[in-house]
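**Student:** Sequential numbering of the sequence shown, starting at 1058, is according to our numbering.
No lab work stands behind these hints: they were computed from the structure. It is possible that part of the hints are untrue.
Said to hold, decoys possible - Derived Cβ-Cβ restraints for the label pairs, each shown as a range:
1. LEU1164 <-> ALA1466: 21 to 29 Å
2. GLN1131 <-> PRO1202: 53 to 61 Å
3. ARG1441 <-> ALA1143: 49 to 57 Å
In this text, all values refer to a predicted model and were calculated from it rather than measured experimentally. Note that beta-carbon positions come from the ideal geometry of N, C-alpha and C, so glycine has one too.
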Amino acid sequence: MAIRPRPWRQFCGGVALALLSLAGTAARAASLWTQPTLLGRLGGVLPFLDRNGVTLGAVEQAVPSVVLAGGAAQGPAYAGLLTLSARADLARAAGLAGLSAYVSAYLVQGHGPTAYQVHSLSGIAFVEAPGGARLGDAYLSWRAPANRVHLKLGKFGIDENFDQNPAAATLLDSNFTYRDIMANNLPGGGPAYSYSGPGAMAAVGVTPWLRLRAGVFSGDPLGRPLLGPPPPARDGDGLAFPLDTGALVIGEAETRYRLPRLGRGTLRLGAVYDTLSRPDRAVSASGQSLALAATGAAVGPARSDRGDWVLYGGATQMLWNGARHRRLSAFLRLAGAPADRNLISFDAQAGAVLRAPFRSRRHDSLAFAVSYDRISRNAASVIRAENGLTGTAQPVPDAEMVFELAYAAVLTPWLTLTPDLQYIAAPGGGIADPADPARREPDAVIAQVQATVVFW
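Make the full structure from the sequences, and use the hints.
**Tutor:** See below:
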């Protein structure tokens, strides 16, 4: 039996980290509140490296949270992420301007409430991931003058360059950064935080208003086995570079425009295709319903459906541009996937972000967003059929909705606090309550705050 981490200890650890950072700063000179990083120049080491083309980074994102109501259990939790990074300018060594190398490592701490208390489709905080230390990204990058062409080769995630959502800088729920329809459907969750995949990407600015991107990655960033849940042990340290697990291909077009009286806008349209076969959600290899297994019948494994795909689109539009950096923008994102082989068949998101909500807080932002993830009809049909065959009354999932309100307060250049409140309707799309399998798990209310500390 697995031993669950004690949430109170993780919660207190997160609070202690934030307090130590604040206390250490208060004990120093007041100028530390205006410098770009908490630890400053590191005794001249950082400026020396910078003059030689090397930039180091260390950022902690600490997220203590508490499930106030609903879900499978209430109480506190803690998730944290320390990201260490290094970027080297290779222009001098290689004789090619715009060439650089980047590497990062993740140290994931604790666990958030998603898997243990709420069982939602998306991570309540984006930093939530299997605990431990692992390699993040490792790639070469080349940019042409004016960024007209951008090439990447190595290990990285599609969430870093494709399907971008500017509002994700304020919102904490992972669905607004990397869609659930990809994270829950694609093999191994797709190449994204916290398991990047080996791949290559090319982005070309065709015109000042049109940019095209294309990429090819390993079909499963975690490597074999190809089917089934992705246990962290498959790539616990992030050092796997699987090149024999099919291919994931992604393409995207981004266009920039301007609407009268409103201002600038961005439209993105893209598609993902993974060559790996996926198990069917409702039909066995022999053509029988998988629901028959609930009666004890030997139906065999699920039918293997060839390939998988996701079509997506998103738009961000400025609605108001005021003085002193104040502006209001809105976003809309839609995505769809085949119902026969996926848990989620449709995803819709919408929200708004107000920059500089108060005249005296020009760097702050306030965001509100809603997401809707529909469970595929094939996945729901199996539960419905099992109820009919066995006479049980287990809940039939249909959709999950998330409502999120977040405020990012930039207290210093190196410290940002983001209080966040989320309401999750029908966690998991309407899964059974562990305490009463005949009823759905109750809607959940979660409060959390993310402290982002830039050490250097």
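**Student:** Run every hint past the structure and note whether it holds.
**Tutor:** Each hint, compared with the structure:
Take LEU1164 and ALA1466: their Cβ atoms lie about 25 Å apart, and the range 21 to 29 Å holds. Taken as a hint, the range 53 to 61 Å holds for the pair GLN1131 and PRO1202, whose Cβ atoms sit roughly 55 Å apart. A C-beta distance of roughly 52 Å is found between ARG1441 and ALA1143, which places it inside the suggested range of 49 to 57 Å.
When each numbered hint is compared with the structure, no violation occurs for any of them.
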